[in-house]
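*Asks:* So you can see what is in the structure, the chains are spelled out below.
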Amino acid sequence: MAEKRIRIMVAKPGLDGHDRGARILARAFRDAGYEVIYTGCHQTPEQIASAAVQEDVDLVGLSCLSGAHGYLFPRVVELLKEKGADDITVIGGGIIPDQDFQKLYDAGIKEIFTPGATLDSILDWIKNNLKPRD
Amino acid sequence: MSNNTEDTEQIKKIKAGDVRTASRLIRNLEDELPEAKTTLKRIFLHTGKAHVVGITGSPGAGKSTLVDAMISAFRKKEKTVGVLAVDPTSPFTGGAILGDRIRMQRHAEDAGVFVRSLATRGALGGLSKAVGDAVHVLDVMGKDMILIETVGTGQQEVEIINHSHTVIVVLVPGMGDEIQAIKAGIMEIADIFVINKADRDGSNQLANELMSMLNMAPAFPGGWRPPVIKIGSCFEPQTFNQSVDELATAIADHYRCLEETGLLGDRMKRKAMVEIGEALRDAILTPVLREMTESGEMDAIAERILKRESDPYTIAEEVAGRYLK
Ligand code: B12
Ligand SMILES: Nc1nc2c(ncn2[C@@H]2O[C@H](COP(=O)(O)OP(=O)(O)OP(=O)(O)O)[C@@H](O)[C@H]2O)c(=O)[nH]1
Ligand SMILES: [Mg+2]
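Sequence lines, in order, name chains A and B. Per the numbering used here, the first sequence starts with residue 1, numbered consecutively. Per the numbering used here, the second sequence starts with residue 1001, numbered consecutively.
Among the clues, some could well be false.
What the hints assert, rightly or not - Pair by pair, the computed Cβ-Cβ distance ranges are: (1) R133/A - E1078/B: 44 to 50 angstroms; (2) K1015/B - Q99/A: 45 to 51 angstroms; (3) A107/A - F1235/B: 50 to 56 angstroms; (4) R1020/B - K110/A: 17 to 23 angstroms; (5) D98/A - K1015/B: 33 to 39 angstroms.
To be verified - With a Cα cut of at most 27 angstroms, we get these calculated DSSO-like pairs of lysine-lysine: (6) K131/A - K1129/B; (7) K1015/B - K83/A; (8) K1079/B - K83/A.
As the list claims (entries may be wrong) - Covered, in the sense of this in silico footprint (three residues per stretch, anywhere, with C-beta under 8 angstroms from a C-beta of chain A), are these stretches of chain B: (9) 1112 to 1124; (10) 1168 to 1175.
Hints listed in this document are in silico derivations from the structure and should not be mistaken for laboratory results. Being a predicted model, the structure only gives us computed values, none of them experimental. Cβ atoms here follow ideal geometry from the backbone N, Cα and C, with glycine treated the same way.
Please build the complete structure, drawing on both the sequences and the hints.
*Replies:* Printed below as a string of structure tokens:
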């Protein structure tokens, strides 16, 4: 039957090897009924944007615990725009200090989750903010 | 309005290799949106150029790792490559983790490579229902080689033969695979055998067993005797890449054999018949089931069967009699 399914990509940009959170999220998204593409660690923003377009995902979730989010997250948004894919929602999480939030929002990151964020709060955000494509 | 012979903007873009347009069409086909079917009808006549290679084998046999190396091997030969990687949908939640791509991410930025993950969405046989459609889209994009990685289920994944010109069966030593392969009828579907993870004990033995099994086979269609190719450990890049080059050559040889013996036509015809079968099922059965479900008839029938007032076979005949005039 025709039904617009939601696809999500979970990606880890940069040299950060903390993948526990990303894996837990990938599993939680699957269990919530989404199709999840996990890219693994050590991805360049270029690889992430390119994979997101090939996979035609609705949402890219970036996870970064190394402190390099300030460059990496906005770069992914920028590249998606260059590829004509700025309708893909980008959110992020990891070790991100409060004072960085506004800059990331301004760069087009739609929401940020930090340690302690419950899986339910993340899933709720997706349910409330992500609409199936036009 | 554009007529049937004139390409729409969308089709022009796909022919030009536009990734965004092609990937959106694949998704709309997966989601069975009616407008996607309309596009598929239009592009179908442009398909049939790519060499489609199926890769199957048990879970964790190293299929994705191999596909990643195959992409490099074909890129060296200046072929463009499309990959369809199928992973299972959870029957409980309908969700899926599509993990094959992890092994192929180094090609993400190569414009000559397009990798698309597909979830089975309940389809049996190790593939997704949309695989055939997606192959057509990659074909129209102009990909020279299309690689399909099946779900690793070990058995009953013979569906892949309906979509490929060349089927590669990946076996690993020490997993009892040779016995599984016979049971699952996988011996019959292989055009090329790969023995993967040659760093593992028993790979020579597995190769020998396979060879002797092949020696017992009465005859090979078109005279093609499936080669048994040992792939070196993926942790030793040099021997690994060398053996994958050898595999790429065998794949090309197989295609040439299909062409020369006329077997290619037979396979394409088999594929066409499967596609017609599937399309008919969609065109005839799906609307009937929908109508019966929506009208509540299905529910009533199930009740009757539950109470043993009738049986599924009689009811199927009744329904068929009503629709097939
Ligand atoms: C476990 C751990 C490790 C493990 C990692 C194992 C693994 N494979 O993941 C090991 C021991 C390997 C490790 C190594 C290192 N670590 Co460490 N590690 C941690 C620790 C203790 C917990 C991380 C974790 O797994 N949390 C559990 C998961 C579930 O939480 P999470 O990833 O944060 O995800 C949650 C949220 O952040 C959010 N989220 C995260 N990503 C995303 C993405 C999206 C899309 C969404 C929606 C939500 C979301 O949702 C999740 C659920 O709440 C943290 C400290 C901490 N309290 O965070 C340090 C920490 C991250 N590590 C740190 C450091 C410095 C290192 C090392 C450099 C240490 C060293 N000098 O060798 C190395 C580097 C490793 C590498 N290659 O990158 C620092 C980072 C400092 C910084 N950013 O400034 C931390 C913060 C410790 C500290 N206080 O100093 N580490
Ligand atoms: N020892 C050894 N391990 C290998 C080799 N090739 C792949 N592997 C490992 O086998 C595991 C599975 O590899 P994949 O390529 O994901 O296997 P797969 O068949 O695609 O797996 P599924 O898609 O889950 O069925 C990984 O941990 C690989 O690193 C090899 O040549 N030798
Ligand atoms: Mg795989």
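*Asks:* Compare the structure with the hints numbered earlier in the document and write down the numbers of the violated ones, lowest to highest.
*Replies:* Numbers 1, 3, 5, 10 - these are the hints that the structure violates, sorted from lowest upward.
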